[in-house]
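> Please construct the entire structure, taking both the sequences and the accompanying hints into account.
Protein chains in written order, with the working numbering: chain L, 176 to 531; chain A, 176 to 531; chain X, 176 to 531; chain E, 176 to 531; chain C, 176 to 531.
Keep in mind that the hints were calculated from the coordinates and are not lab data.
Among the hints, erroneous ones may be present.
The list treats identical chains as one, so a pair stands whether inside a single copy or across any two.
Lysine to any residue pairs mimicking SDA-like chemistry, simulated, CA-CA at most 25 Å apart [what the hints assert, rightly or not]:
| no. | residue 1 | residue 2 |
| --- | --- | --- |
| 1 | K526 | E386 |
| 2 | K255 | I219 |
| 3 | K201 | D433 |
| 4 | K527 | N336 |
| 5 | K299 | V250 |
| 6 | K527 | L460 |
| 7 | K378 | K527 |
| 8 | K424 | T266 |
| 9 | K378 | F525 |
| 10 | K424 | G345 |
| 11 | K395 | A338 |
| 12 | K224 | S414 |
| 13 | K424 | G193 |
| 14 | K343 | S284 |
| 15 | K205 | I439 |
| 16 | K526 | S462 |
| 17 | K395 | I439 |
| 18 | K526 | R402 |
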Amino acid sequence: MKPRTFRRKQSKVGLAPGTLVHVGEKKAEKVVIRAWIYNSEKLIEKELKTVEECQVLKDHPGMNLWINVDGLDQVEVIEKLGSYFGIHPLTLEDVLNTGQRPKMEDYDSYIYTVLKMMLLDEIKEEIIIDQVSIILGPNYILSFQEREGDVFDPVRERLKNPASRLRKNGVDLLAYSLIDAVVDNYFLILEHFGEEIENLEEKLIMNPVPETMRMIQKYKREMIVLRRSVWPLRELVNSLQRVESGLIKEATQIYLRDVYDHTIQVIDSIEAFRDILSSMVDVYLSSLSNRMNDIMKVLTVIATIFIPLTFIAGVYGMNFKYMPELEWRWGYPVVVIGMAIIGISMFLYFKKRRWV
Amino acid sequence: MKPRTFRRKQSKVGLAPGTLVHVGEKKAEKVVIRAWIYNSEKLIEKELKTVEECQVLKDHPGMNLWINVDGLDQVEVIEKLGSYFGIHPLTLEDVLNTGQRPKMEDYDSYIYTVLKMMLLDEIKEEIIIDQVSIILGPNYILSFQEREGDVFDPVRERLKNPASRLRKNGVDLLAYSLIDAVVDNYFLILEHFGEEIENLEEKLIMNPVPETMRMIQKYKREMIVLRRSVWPLRELVNSLQRVESGLIKEATQIYLRDVYDHTIQVIDSIEAFRDILSSMVDVYLSSLSNRMNDIMKVLTVIATIFIPLTFIAGVYGMNFKYMPELEWRWGYPVVVIGMAIIGISMFLYFKKRRWV
Amino acid sequence: MKPRTFRRKQSKVGLAPGTLVHVGEKKAEKVVIRAWIYNSEKLIEKELKTVEECQVLKDHPGMNLWINVDGLDQVEVIEKLGSYFGIHPLTLEDVLNTGQRPKMEDYDSYIYTVLKMMLLDEIKEEIIIDQVSIILGPNYILSFQEREGDVFDPVRERLKNPASRLRKNGVDLLAYSLIDAVVDNYFLILEHFGEEIENLEEKLIMNPVPETMRMIQKYKREMIVLRRSVWPLRELVNSLQRVESGLIKEATQIYLRDVYDHTIQVIDSIEAFRDILSSMVDVYLSSLSNRMNDIMKVLTVIATIFIPLTFIAGVYGMNFKYMPELEWRWGYPVVVIGMAIIGISMFLYFKKRRWV
Amino acid sequence: MKPRTFRRKQSKVGLAPGTLVHVGEKKAEKVVIRAWIYNSEKLIEKELKTVEECQVLKDHPGMNLWINVDGLDQVEVIEKLGSYFGIHPLTLEDVLNTGQRPKMEDYDSYIYTVLKMMLLDEIKEEIIIDQVSIILGPNYILSFQEREGDVFDPVRERLKNPASRLRKNGVDLLAYSLIDAVVDNYFLILEHFGEEIENLEEKLIMNPVPETMRMIQKYKREMIVLRRSVWPLRELVNSLQRVESGLIKEATQIYLRDVYDHTIQVIDSIEAFRDILSSMVDVYLSSLSNRMNDIMKVLTVIATIFIPLTFIAGVYGMNFKYMPELEWRWGYPVVVIGMAIIGISMFLYFKKRRWV
Amino acid sequence: MKPRTFRRKQSKVGLAPGTLVHVGEKKAEKVVIRAWIYNSEKLIEKELKTVEECQVLKDHPGMNLWINVDGLDQVEVIEKLGSYFGIHPLTLEDVLNTGQRPKMEDYDSYIYTVLKMMLLDEIKEEIIIDQVSIILGPNYILSFQEREGDVFDPVRERLKNPASRLRKNGVDLLAYSLIDAVVDNYFLILEHFGEEIENLEEKLIMNPVPETMRMIQKYKREMIVLRRSVWPLRELVNSLQRVESGLIKEATQIYLRDVYDHTIQVIDSIEAFRDILSSMVDVYLSSLSNRMNDIMKVLTVIATIFIPLTFIAGVYGMNFKYMPELEWRWGYPVVVIGMAIIGISMFLYFKKRRWV
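Below, the structure written as structure tokens:
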């Protein structure tokens, strides 16, 4: 059991709801705030030293604003940003509490979405889950990540291209692009697991060892973790499609349908992986039984051939005074040949039963 | 099987519905009634000696009232309180009968909710389930617990703070806070089980003994118990969110959405634990098979090496008069070396098959 | 397989629908009809010798009537009663055919409910299922049981009390009381099984024998039987709550909500029992494997210690003429001590591997 | 795998939809067409030699018409009949293609239902599935069977009775009766399987052999087949109840409710059989393990008693020159008694562990 | 794990949505575009060398147009075609990306459907999945396949027949025919698997080897793959039936109902195959246990008969000086006869227990 998956909010139990405390591991050294102000003609990119600077950014009326915050440790930064944009305390609490389930909440003046970003710890072969919060307002987007990441890089690249659809449309398309980037990333994770499970399957057939069983269980566990993150995503995207607040334009809905499809595909693959891992347990158990049968066959063949022979040898090893066979000239060769015949016929019998 | 989970109402079978009898273990020595009268300016806290005193408390018009009753043994106390606030006999029956499922019932003039509070009996490693009833009226809350507990303490602390949201809002927010406190408490229980299951898993890999299987079954059982308490909670909170009686203000709905999320998270974790415990049974069974294989390998290696050798020794222990080998000068060393060769080559064969 | 659960209507296959034939075992010696005529002031209790008498009973206008029929063998009695109250032939067919699933049918002028009453055959440890039909008309109730039973006794007691809610209300509350009595009875059955399963579990841990497995299967079977009777009950009560015919007053709906809760509790417990019984099968199978391991360990320890030693003894039992060790003065003690060392060190090795 | 259950339409792949080809085994020698023209006063029964005759039958205005076709081989017969009554080509295709799932289709001018009739091949212990199509028009019914059968006989009997409800009502009640006859027939099949499974269970307890496992699997398979035919029936009857075309009168709806109940009962029983068969697999596997344990116990007891004793005998069979015990007067009896003591005490030990 | 099933879009991760890139294996050498222009009187069939030619085809007003593209490698071809018919970039992206789930999307001016065509790689015994996209516009259909195939051949044949329903109706019926051709093809695949599973089952009973288990797992896997393609198909056809855009005429709806039925049948068969394969695992595991029991019986019989006899021989092989039996005249025959009696009675005992 990875504690990360099942612990939550523990340090908050007993606090008033809406109290801002960062719950979760500290993953980033410092908080980095970057802003992009853009419309179809212009793009200003800027790193903000203080939260107050975001006020200055508002000097560009009619332009779209994207503020991305990497790192959640400085609660006061989040708080200021929140109060500046009029974000509800419960939203800010959720941004800071990294134990959220993916969800979408419509606060009329903005839409709040929590997503789970998956990264792969290639050494431990474990999924690392980071929380991404996206607040979509009328002409701004606030996004919060637990640490600096590169999943949003392609979105930033496209944003720099003045001919891109992103620049020509509102922030709702940007929100879609961010969510799409997160979901796209799941495919990489799934691909990785697909390959690992394929390898495991080969091992299972070649040489099943307890380690194989442990790996099966490990991947099963990772699938449980993945599933917990992806199932609610489906509902999230579904709700986003049906949101009526005007924050999401109709043209963007078609794109959301696309993300929805991808989410279903991810869920599909996870379920298929689970099915496959489950039947691998069956294969493993049956292969254990097969091995046992193989071992038993060897023991049985050897024992059933030699035990009767040893008995015969034992008989003629008895020290009775009057044992006529012992005196016979050809007693020894007859007994040895008799033993050979018994042994060989038993062997042939086992051969017929395919035990040898 | 814990009798507590499956026995119910037995002492009531046959009584008229609405007859007030306390059903359940007696958990508290005496009944303690505490009242808090508050608005944004003032807070009066008082322990009531008799139920009649609650009438006096009503002298503070426009203020909010919270009456908390610890202990359910004195039926007449509950009855008087009920009649004073106009509570339906069926509600009172449910308050007294501690075998309820969590549920919400809208009686127009008040909303009745039953919750299950989880405590951990650390010695028996068992969950103790106490029933908490909350009756939310227009400007009062009645809460009933089976014994004095400290789960509501943080709520009381916040109530004492005049700047807190609780003081500035109506009793519906207080009701939310009480439910939230109960749900928050579940995370502690889950965390505890998370750790225990983690420990168990390590044991399972290191040294699986029947005791391990028993513990897996035990935790499975506890999960069944937990699940029975938490599943209906989801519906409960969901119904609360959609209540139309005006007893719950719209601003509070947002907070209830938060509790709903937490409930889903708890259910999620329980389901994940169940999945994990189920696959632990597979691991346990496969490890039993593995052990059997290991034992059989040892037996087979030893037996198949020595049984043929013993047979050879037996042959030369026969007492035939005419056995030329026995007379040979080098007969003995030749046979011993022959045996060694047979033994070693069988050993090498087993080594190749990885049985040794 | 209990035939009772899966046979149905066989003697009717091919008959026209609506043909009145009693299908099921004959459980009562004779048909007993009892009537209660009551309002808040008066209660007349009477045993009817002939069905025609029920007409006389109608001389009390404005009063409520409850006719209870024990025993279903005299088809003509049921038929007359049916025609007198204007009951649809299909209803009467269902009353007589004891293989019904619990269901509710609204025939506008009356509501027909079929319930299953559970009794425990303590000797065979089996559930006996009796069918109870309740027909609720505007001011009358007809109830039919397969035999005289005492489940309705508490309802009758309450009816005798002029101050009881039953007397002050219409027949719909009486119908509720009868249904509630049946459901309450389920808890007794569940309690019995709870205890039996608890006992079984102890046996499972102490000394699992094939008999234990048979008992587990038996209880699983009984749970399947119970479930078939209780699942449809849920829908039944749910439909009753939503009936719009005016036959059930709004005040009674609240009481039905209570029965609904109890039904859910019963279903919950059955599902929990099923879960527990299923994991008991796992425990049983794992305990069989454990026993096998224990047996194999003993065999392996004994065989692997003594087989090599026997081989050594065999070597020095060979009759070669030139075996120098045999002539040595200390040959015998050296070999015996050597054997002891080999034996003890193998024993210690097994001790280390915890096989002893 | 019975090919019958999973092959379908193969000979049609590639043909235009609506092309009339009989798909399925040829089960009847020739096509038999029978007609019943009836109202409450008169009943004309007639076997039709040619399809054209059905036109003549139409000379009885205001009367109800039932045409039953046994055998589907003469496609042109079906085609003519279809064109005469204005049946859609897709319907006729479905009538001829015996691989349909049970379904109901409302073509406004008529309602088309496909049912599966179950017959028992008592020799092979297999279910034979025949397809029955019923076309319900305003005043006619066309029914198609794969071969002459006797399931509809009771319906015909009732039709001959002028006082029967069938004669007094329209063809919709006749359609109900036909469906009811098919469903009633399922109970016979279920009863048969109930008894077979009961027998199997006894065998399972007395003497489980691989044949028992094969029978369990066989019945499981038959249950899958049954289920595939009965599940869609539920929806079918449900749709029939809610049809709005006026072809089914309200009075008949009540009867359909009855068929619906029976269908649910059949499904219930199938699910219960599946549950029971599944747990029989558990019992079988556990009984295999038990047998293995019994075998191992015998081996272990014998081997662990005699292997050490044989070792002792071996020691004193060694040919060392200086073995003082061999010279002792009481050496032999002491050793033999020692062996007896060892043997008996091991036996007692095994007795204590209940291995003997 | 077949990579094909779980990899998707990988080469696209990070690209802007709507960017046209062919994702998937290159399956066709070159792109072949064929057009059919038809109405009830005329049919023009033409292979297009360049996409521009499709413009010329538009010179036939009022006629229906079907353009079929085999091969997806030349992105610019797809792009031009798309822009000519006004297809949304996301649709074109989906056409090119062969990792889609079957789905239907209504873009008002056209309906886009993705299907999966199944082919059987008879050598590898694997299902090959090709993607088929169908775009249904007001009077045109665009269909895209990954390679040239013959599944649509029967549709083309029918199209050539001027009397066929296809020629007399709009393109919506053609769209239905294409979908129907794809679904019909599934039955061939299912039939193939039905036979293979039947063969496997026979092997399972005759001689279960690990290879059998591997085949079971293989088919289970193929069923997972099939299921992933067919489940969404059900929803697809269902949505098509309920589409309101006027692109699908009411007369065609009836035909779609037929495809829907077939889809359900395919799903049904897949589920039945899954059930059967699952129970084959049980049979396999039980047959392994049976074999083990057989092996153990042989070992036990041989060992328990000869081990005690060998012990007796060992006793009389001891070299004690004073062993009176050894001196007796009839000692040897008495002991040999005694051994024979012991051996035979043990054999009879085993015979009685049916171990021999």
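> Does each hint fit the structure? Answer for all of them.
Here is what the structure says about each hint:
1. K526 - E386: between (34 Å within a copy, 20 Å between copies)
2. K255 - I219: within (22 Å within a copy, 35 Å between copies)
3. K201 - D433: between (34 Å within a copy, 24 Å between copies)
4. K527 - N336: neither (76 Å within a copy, 64 Å between copies)
5. K299 - V250: Answer is neither: 31 Å inside a copy and 41 Å across each miss the 25 Å cutoff.
6. K527 - L460: The answer is between: 23 Å across copies meets 25 Å, while 27 Å in one copy does not.
7. K378 - K527: between (31 Å within a copy, 18 Å between copies)
8. K424 - T266: both (23 Å within a copy, 19 Å between copies)
9. K378 - F525: Between copies only: 21 Å across, 30 Å inside.
10. K424 - G345: The answer is within: 9 Å in one copy meets 25 Å, while 34 Å across copies does not.
11. K395 - A338: For K395 and A338, neither the intra-copy (44 Å) nor the inter-copy (49 Å) Cα distance is at most 25 Å.
12. K224 - S414: Intra 36 Å, inter 46 Å, cutoff 25 Å: neither.
13. K424 - G193: For K424 and G193, the Cα distance is within 25 Å only across copies (18 Å; inside one copy 31 Å).
14. K343 - S284: both (23 Å within a copy, 24 Å between copies)
15. K205 - I439: neither (36 Å within a copy, 32 Å between copies)
16. K526 - S462: For K526 and S462, both the intra-copy (22 Å) and inter-copy (20 Å) Cα distances are at most 25 Å.
17. K395 - I439: both (19 Å within a copy, 21 Å between copies)
18. K526 - R402: neither (51 Å within a copy, 43 Å between copies)
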